[in-house]
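Chains as they are written, first to last, in the numbering used here: chain C, 2 to 124; chain Z, 2 to 345.
Quick caveat, the hints were computed from the structure, so don't treat them as lab data.
Note that this is a predicted model, so its numbers are computed, not measured.
All residues carry an ideal CB built from backbone N, CA and C; glycine is no exception.
Careful: at least some of the hints might be erroneous.
Counterexamples of contact, computed for chain C against chain Z with all Cβ distances above 12 Å [said to hold, decoys possible]:
1. R32
2. G50
3. D58
4. D67
5. R69
6. E71
7. L74
8. G87
9. S117
10. R120
11. P121
Rough simulated footprint, nothing fancy, chain Z against chain C, three-plus residues with beta-carbon under 8 Å [what the hints assert, rightly or not]:
12. 11–20
13. 37–49
14. 88–102
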Amino acid sequence: MGAGDVYGQAVSHGVASGMGGIRTAGDLVARMQITRGMRLTEAKEYVAGRLGVSTLDLSDPTVMLDVRKEYGLGGILESGEITDVGDPLGIEAKFNIAAVLDVPVNCVTRFRDMASRRRPVEI
Amino acid sequence: MEARIRTRMGDGALVEMTPSEIRADLEAGTQAAAKRCKAPELASAELDHLAEIFCSNSRFTGVDIGDEVVLSYDGCGSHDLGTRINDLQYYEQYLCADSLELYHHDYSYKPAKAVTAFEQVVMRQAQFVTTAPLGYGAMPDLGLYTVPDGPVPNWSELLPLGKIAESRAAQEEAVELAAADIVFVADEMVEAGIEFIDLDTAGAAGDADFLAALRAIERIRARHPDLGIQIGMAGEFVLGMHGELEYEGVRLAGLWPLDQMRLAARAGATIFGPAINVNTGRSIAWNVARTLTIAKPCCDAATIPVHLNGGMGVGGVPMHVVPAGDATCRASRAAVDILRLDGL
């Protein structure tokens with residue numbers, strides 16, 4: 002799909018036309034396309050509305066670093082210098098993403114089910 | 002005397018052309034595509050914009066600030082840098098992929114089915130440590146269901162013998178086997194936490210291959226209403242290896258991206274990836290103009306996001322295992338600027 006069949010060209014596509022993944026809000030916009038089938042403009046407007054930013058901000062790492070930290074949406078690690086021990090990461094961040102974007106995130110639902118067992122299950 | 006512009010051929014070779022030659026190739030590329038798939042040629046202003054992108058010796062180019070699109074990646078858990086999970090983290094942390102995809106190296110649903118339990122474990126662990134949407138991908142790959150690799154008579158052997166009916170029956174049998182395997186893997190990977198399933202290189206074995214993908218998508222959508230479903234095509238045109246197969250009354254053989262997208266959306270896909278082939282003997286300017294002309298009707302009419310395939314040998318990117326960045330960035334920018342893409 003998309004920019005795949007990789008062989009080192011992810012850098013070219015990423016710099017030429019990419020939103021920027023978790024450096025910005027690329028993963029959040031992607032999530033609305035994947036889960037809801039929203040086209041780009043609609044997905045950007047939806048995410049911007051949920052985060053209280055402009056659609057231009059969504060590709061701006063200067064803005065999105067603070068926004069991601071504020072909402073606990075995960076981000077670049079850089080040895081703890083960017084995302085530190087007090088910031089949600091991985092599955093932790095995805096719990097917050099599901100809530101902020103108001104979309105089901107399958108692995109979060111599965112995690113919640115697995116972690117909420119309080120009695121033996123029938124095998 | 003005209004300036005000489007360094008540009009590339011479809012096989013990646015670096016060549017020099019004049020601006021007039023590049024402009025002529027852009028016009029020839031859009032004319033060739035329009036004639037082949039009966040789409041409108043690119044407008045003069047669009048060709049002017051492409052000429053501006055290609056008639057430059059700069060090493061790199063990109064879209065305007067604010068025009069960035071979503072980048073999805075098939076096959077980015079490659080086991081190149083430690084574990085497959087390490088690769089996914091690398092794509093997220095350093096390459097800034099907007100979505101991630103775990104896959105088995107055989108990259109077909111039939112072999113993936115045999116190791117699904119192991120794939121589930123890796124997927125589950127990967128979901129703990131990644132933030133971007135993470136899915137699982139493979140090809141329908143209908144050929145794997147034929148003798149000697151599978152149970153179905155081999156239509157590539159039957160067709161040269163003139164056994165048309167037997168060939169068609171074999172393909173119809175393979176469609177159901179493939180669709181069942183894809184749905185099985187999707188079900189199992191949903192249990193492991195996937196956020197989307199990718200049916201990549203669909204239609205590689207022709208119209209029956211595409212039909213298997215559509216039927217699988219339809220069944221997965223019915224079982225998992227919130228699951229993302231991506232379908233990426235194998236080529237620009239669905240080959241009629243069977244010739245008479247239909248989906249919802251539409252004959253599959255001979256479909257171009259516009260109608261491929263419509264059927265994918267009808268089946269329940271959430272992202273469609275057209276794949277436009279590259280002619281290695283023509284310039285990248287010619288190939289990009291041809292790509293955009295074929296893809297434009299699909300993008301204009303899309304009801305779901307369109308992520309144009311921009312890997313090696315498709316979407317105007319040179320057919321070389323290590324495509325040069327100067328060519329990839331031009332193909333990338335041109336596609337976003339002209340097609341108003343949802344992603345790549």
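Next item on the list: Examine each Cβ of chain Z, and state whether all of them lie more than 12 Å from the Cβ of C/S117.
Entry: Non-interface label stands for C/S117: nearest chain Z Cβ at 15 Å, farther than 12 Å.
Notebook entry, point to check: C/D67 clear of chain Z by more than 12 Å, beta carbon to beta carbon?
Noted result: At about 17 Å from chain Z, C/D67 clears the 12 Å cut-off, so the statement holds.
Check: Residue count check for the stretch 88–102 of chain C against chain Z: does it reach three with CB-CB under 8 Å?
Finding: The restraint on the stretch 88–102 of chain C holds, since 6 of its residues have a Cβ under 8 Å from chain Z and three suffice.
Next item on the list: Between the stretch 11–20 of chain C and chain Z, see if three or more residues pass the 8 Å beta-carbon test, and mark the coverage as holds or violated.
Entry: It holds: at least three residues are needed, and the stretch 11–20 of chain C offers 10 whose Cβ sits within less than 8 Å of chain Z.
Next item on the list: Verify that the Cβ of C/G87 lies farther than 12 Å from every Cβ atom of chain Z, and report whether the claim holds or is violated.
Entry: For C/G87, whose nearest Cβ neighbour in chain Z is about 16 Å away, the distance exceeds 12 Å, so it holds.
Item checked: Assertion that C/G50 lies outside the chain Z interface [Cβ separation over 12 Å] -> 17 Å, holds
Checklist line | Given as non-interface: C/E71, which should sit over 12 Å from chain Z by C-beta | finding: Holds, since 15 Å exceeds 12 Å.
Notebook entry, point to check: Just checking, C/R120 versus chain Z, shortest CB gap more than 12 Å?
Noted result: Holds: least Cβ distance 21 Å, greater than 12 Å.
Margin query: Closer than 8 Å Cβ to Cβ for three or more residues is the test here. Does the stretch 37–49 of chain C pass it with chain Z?
Written below: Our answer is that it holds, as 6 residues pass the Cβ test (under 8 Å) against chain Z, meeting three.
Next item on the list: Evaluate the condition: distance from the CB of C/R69 to the nearest CB of chain Z exceeds 12 Å.
Entry: For C/R69, whose nearest Cβ neighbour in chain Z is about 9 Å away, the distance does not exceed 12 Å, so it is violated.
Notebook entry, point to check: Would C/L74 pass as off the interface with chain Z, using Cβ distances and a cut of 12 Å?
Noted result: 7 Å, violated
Note to self: At 12 Å, judged by beta carbons, does C/D58 keep clear of chain Z as stated?
What the structure shows: C/D58 not clear of chain Z: closest Cβ-Cβ about 10 Å, inside 12 Å.
Violated hints, listed in ascending order, are 1, 3, 5, 7; each of the other numbered hints is respected by the structure.
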